[in-house]
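Trainee: One letter stands for each residue in the lines below.
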Amino acid sequence: GNSVTQMEGPVTLSEEAFLTINCTYTATGYPSLFWYVQYPGEGLQLLLKATKADDKGSNKGFEATYRKETTSFHLEKGSVQVSDSAVYFCALSRPPSGGSYIPTFGRGTSLIVHP
Amino acid sequence: DTEVTQTPKHLVMGMTNKKSLKCEQHMGHRAMYWYKQKAKKPPELMFVYSYEKLSINESVPSRFSPECPNSSLLNLHLHALQPEDSALYLCASSQVEGSYQATSGYTFGSGTRLTVV
Numbered sequence: 271g272n273s274v275t276q277m278e279g280p281v282t283l284s285e286e287a288f289l290t291i292n293c294t295y296t297a298t299g300y301p302s303l304f305w306y307v308q309y310p311g312e313g314l315q316l317l318l319k320a321t322k323a324d325d326k327g328s329n330k331g332f333e334a335t336y337r338k339e340t341t342s343f344h345l346e347k348g349s350v351q352v353s354d355s356a357v358y359f360c361a362l363s364r365p366p367s368g369g370s371y372i373p374t375f376g377r378g379t380s381l382i383v384h385p
Numbered sequence: 124d125t126e127v128t129q130t131p132k133h134l135v136m137g138m139t140n141k142k143s144l145k146c147e148q149h150m151g152h153r154a155m156y157w158y159k160q161k162a163k164k165p166p167e168l169m170f171v172y173s174y175e176k177l178s179i180n181e182s183v184p185s186r187f188s189p190e191c192p193n194s195s196l197l198n199l200h201l202h203a204l205q206p207e208d209s210a211l212y213l214c215a216s217s218q219v220e221g222s223y224q225a226t227s228g229y230t231f232g233s234g235t236r237l238t239v240v
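As given, the protein sequences belong to chains A and B, one line each in that order. First residue of the first sequence? That's 271 in my numbering, and the numbers climb one at a time after it. First residue of the second sequence? That's 124 in my numbering, and the numbers climb one at a time after it.
Simulated from the structure, these hints should not be mistaken for lab results. A couple of the hints might just be wrong.
Capping the alpha-carbon separation at 27 angstroms, the derived lysine-lysine pairs in DSSO-like fashion look like this [what the hints assert, rightly or not]: (1) B:K164 to A:K330; (2) A:K330 to B:K163; (3) A:K338 to A:K326; (4) B:K164 to A:K347.
Beta-carbon label-pair distances, calculated as ranges [what the hints assert, rightly or not]: (5) A:E278 to B:T139: 20 to 28 angstroms; (6) B:N140 to A:G348: 47 to 55 angstroms; (7) A:N272 to B:V135: 33 to 41 angstroms.
The structure displayed is predicted, hence computed values, not measured ones. Don't be surprised by glycine CBs; every beta carbon is placed ideally from N, CA and C.
Bound-form chain A, shown alone (with noise of 0.2 angstroms):
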């Protein structure tokens, strides 16, 4: 079946430190793989996406590449901010079910940045 594979947290970064979370995939077919970021006390916002091999998805200075050889979707950033403290989760999409496209998630990874 299909599963994600996340590092486990927390992260531990200071501020204008460089990030990497790192997660790993199985699935059949051909899944779109996102990056979600969690603040505290909130639901979860789509920071980015890929859809096909090679293909790098980037928002707000994060950036991430779907590597199909290595089935790898790790997130970066080149400085992080104390604002950046979250949780990311990494997901990917599985065959349709009646037209819709079911997430899955991996554990998510906490991270914190400190001044």
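On the provided structure of chain A, position chain B as indicated by the hints.
Mentor: This is chain B only, laid out in the frame that chain A set:
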């Protein structure tokens, strides 16, 4: 309008109460979802509606009863809940895509924080 609005934001209910959670979106999305999220865990899928019809029920206990009265609204009726049902309940919506892959992603509401006492 690019939001999913959930009400109430917080709800405390007794085990014998009946309450409802509401979700609304005006993005023209025809797929809507209910998720349950416990602390420090990913969201767990409960129900999926596609074109206002229930397409997925992930073996959710009958004390949770979903309803989709129209293409913009999604309700979750609660009755005789247990303390272990306390969680953040998230609503989401997405386009229904006939293509080979999902490309649009999902739009989530901010959730209802439910406490069962």
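Trainee: Does each hint hold? Answer for all of them.
Mentor: Verification of the hints:
1. B:K164 to A:K330: Given that 27 angstroms is the threshold and the Cα spacing comes to 25 angstroms, the pair holds.
2. A:K330 to B:K163: 24 angstroms, holds
3. A:K338 to A:K326: 12 angstroms, holds
4. B:K164 to A:K347: OK: B:K164 and A:K347 at ~23 angstroms, within 27 angstroms.
5. A:E278 to B:T139: 20 to 28 angstroms: With a Cβ separation near 40 angstroms, A:E278 and B:T139 fall outside 20 to 28 angstroms, so the hint is violated.
6. B:N140 to A:G348: 47 to 55 angstroms: Roughly 50 angstroms apart at Cβ, these two residues keep to the hinted range, so it holds.
7. A:N272 to B:V135: 33 to 41 angstroms: Since the Cβ atoms of A:N272 and B:V135 sit about 36 angstroms apart, the hinted range of 33 to 41 angstroms holds.
Of the numbered hints stated above, the single one contradicted by the structure is hint 5.
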